[in-house]
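> Protein chains in written order, with my numbering: chain A, 1 to 336; chain B, 337 to 654.
The hints are simulated quantities; they were obtained by calculation from the structure and are not laboratory data.
Small disclaimer: the values here were computed from a predicted structure and weren't measured.
Check before you lean on any hint, since a few could be wrong.
Below 27 Å or equal to it, Euclidean Cα-Cα: the simulated DSSO-like pairs (lysine-lysine) are [to be verified]:
id, chain 1, residue 1, chain 2, residue 2
1, B, Lys372, A, Lys273
2, B, Lys583, A, Lys266
3, A, Lys269, B, Lys529
4, A, Lys269, B, Lys505
5, B, Lys422, B, Lys505
Computed footprint of chain A on chain B, listed as stretches where at least three residues anywhere in the stretch have a Cβ under 8 Å from a Cβ of chain A [unchecked claim]:
id, segment
6, 520-529
7, 538-551
8, 570-582
9, 597-604
Glycine included, each C-beta is placed from N, C-alpha and C at the ideal position.
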Amino acid sequence: MSNEKEIVLSIKDLVVHYEVDGDVIKAVNGMTIQLEKGRTLGLVGETGAGKTTTALAALNLVPDPPGIIKNGEIQICGKDVLHMSQKELEMVRGYDIAMIFQDPMTSLNPVLTVGFQIAESIRIHEPELNSKQAYERALDMLELVGIDRHRGSEYPHQFSGGMKQRVVIAIALACNPHVLVADEPTTALDVTIQAQVLDMMNNLKNKFGTSTIIITHALGIVADICDDVAVMYAGRIIEQGTLDDVFNRTRHPYTEGLFNSLPNIKDRKAELKPIPGLMPDPANLPEGCAFADRCSYATDVCRTKQPEQRMISGTHMVACTAYDDPNFMIERSRKP
Amino acid sequence: MSDTLLEVKNLKKYFKTPRGLLHAVDDVSFTIDRGKTLGVVGESGCGKSTTGRVILRLIEPTSGSVKLAGVDIGALSRRELRAHRKNMPMIFQDPFSSLDPRQTVMQAISEPIINNKIATGKYEVEELTVELMRTVGLAERLINTYPHELDGGRRQRIGIARALSMNPKFIVCDEPVSALDVSIQAQVLNLLKQLQRERDLTYMFITHDLAVVNHFADDIVVMYLGQLVEKAPAEELFENPLHPYTKALLSAIPVPQTYDRPERILLKGEISSPIEPKDRCRFAKRCPFALEECWAKCPSLQEARPGHFVACHHYDKI
Chain A
1 MSNEKEIVLS IKDLVVHYEV DGDVIKAVNG MTIQLEKGRT LGLVGETGAG
51 KTTTALAALN LVPDPPGIIK NGEIQICGKD VLHMSQKELE MVRGYDIAMI
101 FQDPMTSLNP VLTVGFQIAE SIRIHEPELN SKQAYERALD MLELVGIDRH
151 RGSEYPHQFS GGMKQRVVIA IALACNPHVL VADEPTTALD VTIQAQVLDM
201 MNNLKNKFGT STIIITHALG IVADICDDVA VMYAGRIIEQ GTLDDVFNRT
251 RHPYTEGLFN SLPNIKDRKA ELKPIPGLMP DPANLPEGCA FADRCSYATD
301 VCRTKQPEQR MISGTHMVAC TAYDDPNFMI ERSRKP
Chain B
337 MSDTLLEVKN LKKYFKTPRG LLHAVDDVSF TIDRGKTLGV VGESGCGKST
387 TGRVILRLIE PTSGSVKLAG VDIGALSRRE LRAHRKNMPM IFQDPFSSLD
437 PRQTVMQAIS EPIINNKIAT GKYEVEELTV ELMRTVGLAE RLINTYPHEL
487 DGGRRQRIGI ARALSMNPKF IVCDEPVSAL DVSIQAQVLN LLKQLQRERD
537 LTYMFITHDL AVVNHFADDI VVMYLGQLVE KAPAEELFEN PLHPYTKALL
587 SAIPVPQTYD RPERILLKGE ISSPIEPKDR CRFAKRCPFA LEECWAKCPS
637 LQEARPGHFV ACHHYDKI
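Next up, chain B with everything else stripped away, as it sits in the complex (with noise of 0.2 Å):
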């Protein structure tokens, strides 16, 4: 029996626009275990930060349902669901603008501490703020200091110790090193790999880089326009991708060395309209092995191989 964290099922997330309903998430089920990672991973306007958001009701889903811990998100009431927040929050992916200028270190990674009353007294918070400080890789000398004084790499692990000072279980993370340069990168990949460790904590991890999700994660969704197009663990889908919008981003990855490069795989053209998209395969414009059916069909979620889901027609001829 494994030991399910997350559970989404048919959650969907339509906005009303002047040109009919946007499709942001359609239909997406899947499940975290406790203390493992799940990559969400596609590119831009495919629904992946949405879906992070949904999850978490920064904004409420059309329909569908979410469940934390046996908790259904969803039915909570705005004061419990308040209460909810401390167990899932967020690392955002600008730390440039997801920090207020006017707080120092010590208000920005206090103030979660103070407002959800895990600590209480002067001398107790500062305390527990040092000891997240320390946790995360920031000298203590840099207490007083503001954003602006901080690079790129400080600033995202003040975010992260903001999400740990309520001892969450669940982080979701939505680009966290996308932002960064690589050598800082690596330093907090690690960083988050080491906490997930120590404090058995899962994530979701938001992510358009898949080189990255591939070193970080266990399972890996990959989306294209709101849908799910294929679902499996990381090893399984690096080296099996079965749908073809798959293994084009894989083809895609600039691998950075000079033998064995991949044979690319080109898409033409580019991602079409989320906004009152037709019943057929949304992939099938760019998709070089569309047929007939692809184009009087959406093809659903089907488990190819154990624990190996695909949404194509024809994933096992091509």
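Next comes chain A alone, as it looks inside the complex (with noise of 0.2 Å):
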């Protein structure tokens, strides 16, 4: 076995910053991750810990103003997307990188038929295909995803959420990009839709090996689809490895609070422990961890030194101060 492994995406040092009415919100602060070809990453954390951010910064998509990339290097396939011509942009957007919506009620244009749509998609990307044949590609992306090839002529209003969204699977997945990022492809649907649109997606990723970014606030979603998961919190990954190494050898107090936040399907009479307090302010981060002030380990250093990331196995990395102290241990791992 070679240790050697394909990187398809690799962001690096990523810094963005919203500048709004004198106020610099800073979304994402020095984040780094890798996608290996063939993976399943699941990017993890509540409203405003910066995942859309940076999903959108892989594509090179900030909307700017107020949004500034103000460090960072992002690479897919080895093409830096950070200093590209919007022509040579568009070339790897949908070829290489493809992106799916959270809301597919809004992510698809009503007066085009899906067919269509599908079909523009590959048009754009093949050149050498004409019209018809794009169109007959289209239809069978649909079927691809479980949609009667027939329906191509159909506008989105005549389908449902899940089936909107299987469309939009079908758009980002046509030219069979390297690299898909899913923004929360299933929040907007009910759980027995979910469940089909997981499934579907479990499907694709055998089929075609593409490598996958999920974004996505469900722990349960990621244990379904995910081979390894990045915590963020305030703009930084906290905890990253394996998914075996984060859920059964959880290491960071926020992860923890996060398992500790949800009921408990077995033991229905367990009571839920929630992390007190909120997410800080992103226009006013304090100096040293930023989840000091909600975490139970927390001491003095906590809230003035910056975590370093540490390096716990091969796979498993965490950044929290309490590690320096090599007998310290957070509640959940001290369960059998």
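From these two lone chains plus the hints, build me the complex, please.
In structure tokens:
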């Protein structure tokens, strides 16, 4: 077995700020992440953690103004995304990297048929196809995501939410991108429909080997579909590792807090232990660890010193100053 | 003898649409005991929110009766209903759109106090408002802030304070935590539970989130296309689901752990139209076990085990 991993997406030291009315909102504050070929990475965090901004930056889509990419390097399949002409970017988007947005209701054009919308993205990237060929390919894509091909001539409003999300996925996969970024792909869907879409995404992953980043706040979905997990808090990754690392050998107090906040389906009498307080205002981040104010393990050092990223195994990283003490353990890892 | 607070009998709500009658709530009956929580579960379009609204007569029912603490809500005149509303407030899903953006926290919470004459006099109203803020965990310094300055969790606390201001016995919670982040969601759920213990509150808890309802409710009803398909104590329902739809729903819960993952039952297709439904099982189209009988006749709710009701022709064979 070779140790050489093929990296399809690499984000290094990314810093993104939004400057609004003299306030600087620090959305992403030094984020480094790599996506290996054929893997699915779950990017987890709550509202305002900087998940979506990171994803937008990967496609160089951060709205400017007010967004400014202050620092960082982003490479997709070896191509530098942040220093590209608009024309080059358009070829990368959709072809090398594609994005699925959260809300299928607003990401489709209501006045064009779904078949046309899929064919449109195919023709941009494969201009040698004529419109008939592209349309046929579009119908093949529809079948692939589990929709009858004769429905290609219908309009978005004739589809239900789950079906629309399938169409959006068909558009994203139409050019067989190397990297797929899915921003909360099932949040707007009902549980049984969510199960269908996740199942389909799993099948497509096995079929095409597309490397995927799934942005979500739901740990249940991560356990369902991801190989690796990165947990974000206030614009930084605070814990990262394989699914097994993060779920069964949890190290960061925030990750522990997320698990404790969820009702346990097996033990309905168990008390919920929410994380006290709120995420800090991204326009006014503390000097030390951003989680210190909500953390029950925090010491004075935490409030002044930014935690370093620490590798605790070949795959598992945690950014928490408490581990300066070699005997430190969070509650969750004390349990058998 | 159980102590029934809410009794809903054969409740129906049909809406007229150009394509025929839409059966939003179709012959729904249940009771809630004092101090207990009934979880109403189902997917979008199953009629769970409409059921909540019809019970409070925010929408007039087509037929059926609702009794709250012995009072027939359907028989009240407009004026009586208005007076009665304070006994049955509602907590809404979206704390971003259910508050008036031009009201401060003080104004929002004191509005129902003044309207219902729960306290009179500027000083008394303010005192009660501050007390309510303390009860729901809002810092007193926030009294003059506007909703846009607050996060979702705090806004939802304002909604809870407004509901509590009238000293109700019964509250309808319509997806009260769905719009909140998990860590905030747990804070609000714990608050609702604590208030229930302290004030002997009875909740009707409408949600699509089965993990939350399992944690929160004493009894659960599962709705599908306007009808109850299963009704049981929460523990019984999760351990022994009988209806194929309930089984699929439970198996579809994304469980946040990597081991012991449930075998997933994937349903084909999507919810069908609630307009002019035919006399057959409404779930038959998606049901992996549907037989001829299911297409011929709509099953009615029957007691399969003590306290456990199911509407399925052959729940005992699957």
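> All hints are to be evaluated individually against the structure, with a verdict given for each.
Hint check results:
no.: 1; hint: B:Lys372 / A:Lys273; verdict: holds (22 Å)
no.: 2; hint: B:Lys583 / A:Lys266; verdict: holds (15 Å)
no.: 3; hint: A:Lys269 / B:Lys529; verdict: holds (12 Å)
no.: 4; hint: A:Lys269 / B:Lys505; verdict: holds (24 Å)
no.: 5; hint: B:Lys422 / B:Lys505; verdict: holds (9 Å)
no.: 6; hint: 520-529; verdict: holds (count 6)
no.: 7; hint: 538-551; verdict: holds (count 6)
no.: 8; hint: 570-582; verdict: holds (count 3)
no.: 9; hint: 597-604; verdict: holds (count 4)
The structure is consistent with each of the numbered hints, conforming to all of them.
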